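Protein chains in written order, with the numbering used here: chain A, 1 to 621; chain B, 1001 to 1190.
It should be emphasised that the hints constitute simulated quantities derived from the structure, not laboratory data. Hints should not be assumed to be uniformly reliable.
[Claimed, not checked] Now the stretches of chain A that chain B is said to cover, found in silico as 3 or more residues with beta-carbon under 8 angstroms:
no. : stretch
1   : 336-350
2   : 456-465
3   : 530-537
4   : 549-562
5   : 566-574
6   : 583-593
This one's a predicted model, so the numbers in the text were calculated from it and none came from an experiment. Ideal Cβ positions, reconstructed from N, Cα and C, are used throughout, including at glycine.
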Amino acid sequence: MNGLSNRKLLFVLGPVTGLVMFGAVLVIATFLTNREYTQPYRAPAAVVDTTPRAAGLEAERTAAEATARATPYVEAEYRAFPVVGSRVAIWAVAQLHLLFAAFVLAVPIFAVLIEAIGYKTGDKRYDRLAYEFTKLLSVSFSLTATFGAALTFMLIILYPKFTNYMMSVFSPTFLPYVGLFFAEAFFLYTYYYGWGKFHPLVHLALGIGLNIVGTAIMFIANAWLTFMMSPNGISDAGALISVWEAIYNFTWMPINVHRVIANVAFGGSVAAAYAAFKFLQATTDEERAHYDWMGYIGNFVAIIAFLPLPFAGYWLAKEIYAYSQTLGLTMMGGAFSWLFIIQAVLIGNLFLGANYYLWLGMGRVKGAQPVQKFVKYLLIAIAICFMVWATPRSIIATVAEIRSMGGSSHPILGFLGVMSAKNTAVNILILTTYMSFLLYRRTGKTATVAWAKTGHTAQLLIFASAAIFVIFLGVYGYFVEASVRIGLSVPQVSAVLFAMVAITAIDYFLYRRPKMTADVRWGHMPAISQYVLIFIAVTFTWLMGLMGYVRSGLRQHWHVYGVIRDTSPDAFTPTLGFATQVVSVTVLAFFLLIGFVFWLASLHDLPDFDQRSSHPHERSS
Amino acid sequence: MTIPHSVRIAGLVLVTTAFYGYVGQLVPQREVQPPTETVLRADMTTADMVKVGGELMVGKGLCMTCHTIGKSGALRFPDLEGVATRASTRIPGMSEIEYFAKSLYAPDSFIVAGFNPGMPVINKPPIGLTDQEILCVIAFLQTLGGTPTVTLQTSHAYYTPPGGAPAAPGGAPTNATPTNTTPAQAPVTR
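Pulled out of the complex, with its shape left as it was, chain A reads as follows (with noise of 0.2 angstroms):
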């Protein structure tokens, strides 16, 4: 009843209002017509100059001008950022555009695969989850840009110099760059707004041109940020010698693969985080079974990207190395070595959050329990691992304490702070989280094959060798000199990434045609498991960071490794607790918006106001 009056009364208040309107503006229009123009009152010029403030005030402006006529113009080197400085305003700023940058990058990839996907099955589901995942795309992209004009508006007024240098070098690659962000942007919007409305093939083409553009635009964005690390292509004093050289520089592509590999991993930690959001706000079965099974295809598209992430570091840590053993060593021996400590707890976190995840979605499977057994010895080896791997080669300690152990290594687990033995663990870890793939994958299922236990004897005979192997080569590595020590993580990570593909191929035809004992239960899933992916995200979130800290941070008091020195007050390489203070900051900042970003792609779902405020008995049921 309420509802029909308030539509009369808004059905009357709307002419009445336009009347008043038009009568205002009437009066107002006939009061101005009728008054002739005079030139108002101003005091004669010779009184108000006459007074000793006035003429103070002109002799100032008069000197300044002289002063300014007078000073030649010098181009600033630095400017400075109010409060906390140029450094942090700049390391944010990049943080925040990287992060969306990576995330818009990433998840293009996998929506990619997945439509593909159901284009070639036929499963509609998979359509609507590469769509669902694209919905997250468009205001990251609006957000990546608005960062990277800021940091680029940035660089210009506080790093004037810097800046002019790097534009002098790399002037070419950027109308190059500028047309493939136009292309990003009609790709993204085509295969966004574009979802249904065309062949699908011609659809999937779309996307394919979105990620070949995207990755162009990184690797030439890799260019720049990597030739300050390790600049080639130029003279001992900076002049440019080859722009293709510049930008080929050591550094250049184990970053262009590293990034690849690491957006994947985070923009499928992050999608599984914004799955695990729609798991805890879904009030029916249907909408719980689908995010919990988009939660899963997020996670799984992190933790299989995150395998192979060590050994494209191994590769960038050997070509830094190569480019500079200084630079190498104060990565890994010097002012960074601290940081490491910091990555092994992020990465060890990373690790035992998926395996639990894994475990706790074999809940799903009816019947899992046989396989479950094998939990606490995957936890036994995680735990031992992580242990190693964030074991410090020397240890805070007193003097006292100093002398009594020889050293600032101790005695015994000094030995496990070495490279040898960190090396080790993390390839045990890999080939652990890969077996807790493996056994979820054959919750409910039994191989049907006539060589079945051939098969898995197989298996398990690749998987004991391989981990018996790099334990092996672990130990040998501690009675070896350094040049063949450093060529063991070589044969280590084969090993391990060889046990992997014999593993799985056997596997794919092991269980091609399985007998199901029991179905997957989506949507049967504890609360906390939606926790633990958004535990996940934020630590590949924080992960990032640091690494991207480092990465920068190596090069010290060079802008410009060797070529252009830092001499602005923020020379110095600041504390790991300031560094981790100021990526915690970032971290917050990223979530808080790509909160924003999830809550606008839930909009997407709520029907419409109108629909909404004339059913309210509906809504109010």
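Could you slot chain B onto chain A? The hints should help.
Frame of chain A; chain B shown alone:
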């Protein structure tokens, strides 16, 4: 009372971030300052040069980032204990000053068995020690198993001080007499 999921999520993000921030406070906190400006006096004695050379090796030269003095075991780069003795005998006919100079200006010339090449060229950026600073480093290295003899007027194959005599053929360095043409003070960084 049930806490809404959105509040729990916000709490989890906050606590996780704070935890990692806290871990960052547990590790040693060291602020690394860029090398500061200092001055090498033209009348420095060899003893002064040894002192400055030692400081350069720890600071601007970054030598001790890779090398050690008096350590053994699985080292990444050669230990420098007794290096003056080895430098004077490793290449027949080459003095330890020439050996050190070549190791610093052209480091890939001598690779100690069991180690990989990796020493940067010391007189070029990012380290960029000056010729006088390198003489100071050589003076310090001479103390590790030998007796320092270098002065700021010492010549070697890579450097001849202003007004000094070039290094003698065969690698024997010369100690030129100080002349008035040598600048009184040369600003360098350390």
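- request: Against the earlier hints, flag every one the structure doesn't satisfy and list their numbers going up.
  value: Of the numbered hints, just 2 does not hold.
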